[in-house]
Each structure stands twice: as C-alpha cells, then as structure tokens.
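**Q** Working from the sequences, and respecting the hints, build out all of it.
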Amino acid sequence: MQLYSPMSTTPKRKAFRAPPLASLEGLRIGLLENGKLNADEMLREVAALFVERHGCTIRTVASKRNASAPAPSATLTQVAQEVDFLITGLGD
Amino acid sequence: MAVAAKPRIHEVPDDLLAAIDWCYEQGWTDGLPVVPPVVDRVDAMLAAEARPREMVIAHHPATGLDLSLHAAAVNAVMAGCLPEYFPVIVAAFEAMDRTDFNFHGSTASTGGSAPLLVVSGPYAEEIGMNADVNLFGPGNRANGTIGRATRLILRNVFQMLPGISDKSTQGNPGKYSFCIAERARGNPWPLLCEAQGYDKGASSVTCFAGGGFFNVENHGGNTPEEVLGSVADSMANYGCISLGQSVVILAPEHMKIVTDAGWSREKVQEFLFVAARRSVEGMKSAGKYRDREYDTQHGEGAHALAMEGFMHRGLRPDDILVTMGGGDAGGHSCFIPSWSRGRTSIMQHQAITPPPAGIPK
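Just so you know, the protein sequences line up as chains A and B, in that order.
Counting from 1, one number per residue, gives the positions in the first sequence under my numbering.
Counting from 1, one number per residue, gives the positions in the second sequence under my numbering.
Keep in mind that the hints were calculated from the coordinates and are not lab data.
Keep in mind that a hint or two might mislead.
Unchecked claim - Pairs of lysine-lysine residues, derived as DSS-like cross-links and limited to a Cα-Cα distance of at most 25 Å, are as follows:
| # | chain 1 | residue 1 | chain 2 | residue 2 |
| --- | --- | --- | --- | --- |
| 1 | A | 64 | B | 288 |
| 2 | B | 256 | B | 267 |
| 3 | A | 64 | B | 256 |
| 4 | A | 36 | B | 167 |
| 5 | B | 167 | B | 288 |
| 6 | A | 64 | A | 36 |
| 7 | A | 36 | B | 284 |
| 8 | A | 12 | B | 284 |
| 9 | B | 267 | B | 200 |
| 10 | B | 267 | A | 14 |
| 11 | B | 267 | A | 12 |
| 12 | B | 256 | A | 36 |
| 13 | A | 14 | B | 288 |
**A** And the structure:
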C-alpha cells in the first residue's frame with residue numbers, strides 16, 4: 001500500500017542564532033512590545049535593569065499593531081540598524 | 001504561481017487497520033482514526049480541482065510552510081471527504097490565506113480559535129451538506145469531514161501541533177470540526193453568497209476564527225427585541241465582549257419572529273450592535289477596560305451608533321454575520337465570538353469553484 005505524506009513539501013527554513021554579545025556595557029537597547037496589556041510596562045522594567053547594571057541606553061521602542069502576527073520585516077530591519085540588541089516578550 | 005516540491009510516498013503493508021495505526025504513529029491524526037491516504041484516493045480527490053496539484057494555495061507566515069493542492073487533497077482523504085467536498089476546502093484556504101485572517105495568530109493562540117466555515121449557496125445542497133437539525137453536528141459527512149480536513153491541514157501541513165505550536169489554553173471542540181451550511185430552505189433573507197456579491201447561482205464559503213459556541217435559548221420572546229435582546233446579552237458578556245467580529249445563527253423559530261415583524265438583516269445587525277454593549281464602568285469592574293480600545297471604537301471613523309460611555313461588541317453593525325440555520329423546532333440560536341479580541345483576524349469569504357467534471361451522481 002502506498003500512502004502520501006500529508007505534510008508540506010516546503011523545505012525547512014534555516015534559522016540561525018545571532019552571535020553572543022561580548023559585553024553588555026554601554027550597548028543600545030531596542031524594545032519590541034506586542035501591543036497587549038502591560039507589554040510596554042514589562043519591557044521597560046526589564047530594560048531598566050540593563051540601564052542600571054550595564055549603562056545601556058534605550059534607543060528604540062517599536063510596537064506591533066497586531067500582537068499575534070509576526071513583526072513586519074520593515075520594523076525589524078529598521079530596529080536592527082539602530083540598536084545592539086532587542087528585548088521582546090509577550091504582554092497580556 | 002508558487003509551486004511545491006514533489007510529495008513523499010510511504011510504502012506500508014497492505015493491511016488497512018495496520019495502516020490506520022501507522023498513521024497514528026506518524027503523528028498525523030487529530031486523535032481520531034484517519035483514512036489512510038492511499039495514492040488512488042488522493043488522485044481522485046484532485047480530480048475535483050482543475051489546477052495542477054503542485055500549485056500553492058496558502059502560506060503560513062510564521063512557519064514558512066506552504067499548502068499545495070496536493071497536500072490539501074491528502075488531508076481531505078484522511079478526514080474522510082468525498083472529492084466533491086474538495087472545492088470547499090480549497091476555497092476556504094484561499095480565503096484564510098489573506099493577511100487579514102491572520103493564519104498564525106488564529107492557529108497558535110492561547111485563545112483556542114477554531115476556523116468556522118459557513119457554506120452558502122446551492123453547492124452546499126449539491127454535496128449534501130446539512131443546514132438543518134443538528135446543524136453543528138453530529139451526523140453529516142460533508143459538514144463533519146470538511147471541517148475536519150481544515151483542521152488536519154493546519155496540523156499536518158502547517159505543523160500547528162497541540163501543545164507545541166498550538167498553545168490553546170483549553171482548546172475548543174470546534175478544533176475537531178467546525179463547518180456548517182447556511183439554511184436556504186425557508187430563509188427570508190438573501191443568502192450570504194448573494195449579500196457578498198457573488199453571481200447568481202454561485203456559492204461561497206465564509207471563514208471565521210471562532211472562539212467558541214454560545215447557545216442562546218429563548219422560548220418566551222415573541223418580538224424581535226425580546227429574542228435579539230437575549231442574543232445581544234450573550235454577545236456582550238464580560239467573558240467575551242471585545243472589538244472582535246461575531247457570527248449569529250438564528251434558529252428558524254427565532255428568524256420567523258424577527259422577519260414576521262419585517263426586520264431585514266441590516267436592521268438586525270444594527271439592533272445587535274447597539275444592544276451588545278457594556279458601560280465603561282462595568283468594563284472597568286471586570287478589569288476589561290482599555291483606553292486604546294475605547295478610542296478605537298469612538299475615535300475617528302467611529303460608527304454613528306457607537307454610544308459614548310459604552311463599549312460595544314465589534315466596531316460596526318456589519319461586523320456581525322447573521323443568518324439562519326438549524327432545525328424547525330426549538331428556540332435555540334447561537335452566537336460565536338471571534339477568537340480575536342480586537343481586529344487581528346477578520347472573517348473572509350471566497351467563491352467555491354465546482355469540480356471541472358461536475359459532481360458525481
């Protein structure tokens with residue numbers, strides 16, 4: 001008996017981790033909040049720890065208009081040019 | 001035209017029951033047995049579609065995975081579909097592929113969304129769909145297996161796996177199957193497919209990321225205001241009131257009360273929009289008030305019926321899909337809320353293209 005696979009034939013997308021940062025001292029932080037309740041507040045609290053402990057600066061706060069959709073590539077491209085690392089997470 | 005790679009074929013022993021177990025072992029099921037997708041059955045399913053099997057009809061933005069006509073047909077066979085059901089599944093995925101439906105959110109969210117399919121027009125009857133008693137099941141092969149195929153595609157093709165990529169907190173019975181036909185018999189209003197602007201004789205499927213099922217019982221109401229007031233109360237409950245859209249399926253008994261009084265679909269939508277509301281104070285008392293949402297509803301472009309000091313369900317009356325379905329007896333309508341608490345998933349509709357060789361008799 002021959003059975004077809006019910007799965008997609010799309011090749012698996014390759015994903016790569018960004019190289020680890022050598023140091024956090026004085027780096028520029030970007031925040032990407034998902035627009036849900038408390039998301040902005042939570043991310044700012046987290047960022048404040050980096051500011052306090054490592055002298056980081058908050059350079060960019062980006063907001064997703066749609067919490068449940070991937071961030072627009074234009075947003076990520078822009079933020080990537082302005083910051084050294086990005087903090088994001090789910091607010092709700 | 002996006003084209004998928006060549007599909008994979010598995011050789012398994014010629015033992016049907018063993019093949020069913022083998023499908024379980026592959027993780028290809030929704031928990032219920034599937035029809036093993038043998039090559040001949042898949043090919044027969046694809047005969048209901050004129051375009052090449054490699055054609056991609058939908059894309060999942062987060063996983064990057066594509067749905068080809070071939071993969072849709074494999075899952076339709078597994079769900080138990082007949083070939084004449086396949087055009088409904090294809091149309092549904094073409095509709096849901098639009099950005100505004102938000103495939104990723106509606107399949108991955110803790111909210112437990114299940115795609116509700118509402119088939120409207122003559123094609124529903126031609127393939128034997130049920131629009132009558134036991135509308136939401138069980139008992140009808142077309143309704144049951146079209147909805148199931150939709151879910152199997154989300155699972156097997158887009159890999160939205162419960163507990164891994166589908167993070168629904170409590171799930172939803174509609175995640176097995178959630179598909180109905182609009183009742184044409186005795187329906188005093190234009191069918192949805194007509195209201196959607198399709199040509200006479202055409203049929204459509206409307207797809208809605210549904211969040212659950214509320215039975216609205218009312219056996220005492222004898223006016224539109226009484227009957228629809230109870231529907232609106234369900235729509236405005238603190239557990240689900242939001243800026244999201246709604247589906248309301250009126251039972252024939254309720255529809256008769258409404259239309260005997262001369263109410264059109266538009267009048268019903270306006271009544272429900274106005275009545276399905278909560279005060280700002282009430283919303284605050286339930287911890288569900290947000291300035292941003294209030295401003296969205298009452299700011300620039302607000303609908304004229306939006307009342308100051310209140311949150312309505314949805315943004316405007318035509319956010320509420322209303323039609324008739326179910327058996328003749330019983331004062332049981334239903335309301336299905338959107339999964340989306342805001343505007344992150346908007347219902348979509350698409351014309352159904354019948355099989356090129358017609359429906360087998």
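**Q** A separate judgement is required for each hint: does it hold in the structure or not?
**A** Results of checking the hints against the structure:
1. A:64 / B:288: holds (20 Å)
2. B:256 / B:267: Since the Cα atoms of residue 256 (chain B) and residue 267 (chain B) sit roughly 15 Å apart, the hinted pair holds (cutoff 25 Å).
3. A:64 / B:256: violated (45 Å)
4. A:36 / B:167: holds (17 Å)
5. B:167 / B:288: holds (22 Å)
6. A:64 / A:36: holds (9 Å)
7. A:36 / B:284: It holds: about 17 Å lies between the C-alpha atoms, which stays within 25 Å.
8. A:12 / B:284: Cα-Cα ~46 Å, so violated.
9. B:267 / B:200: holds (24 Å)
10. B:267 / A:14: violated (52 Å)
11. B:267 / A:12: violated (50 Å)
12. B:256 / A:36: With Cα atoms ~42 Å apart, residue 256 (chain B) and residue 36 (chain A) exceed 25 Å; violated.
13. A:14 / B:288: Outside the cut-off at roughly 40 Å; violated.
Going down the numbered hints, you'll see the structure goes against 3, 8, 10, 11, 12 and 13, while the others check out.
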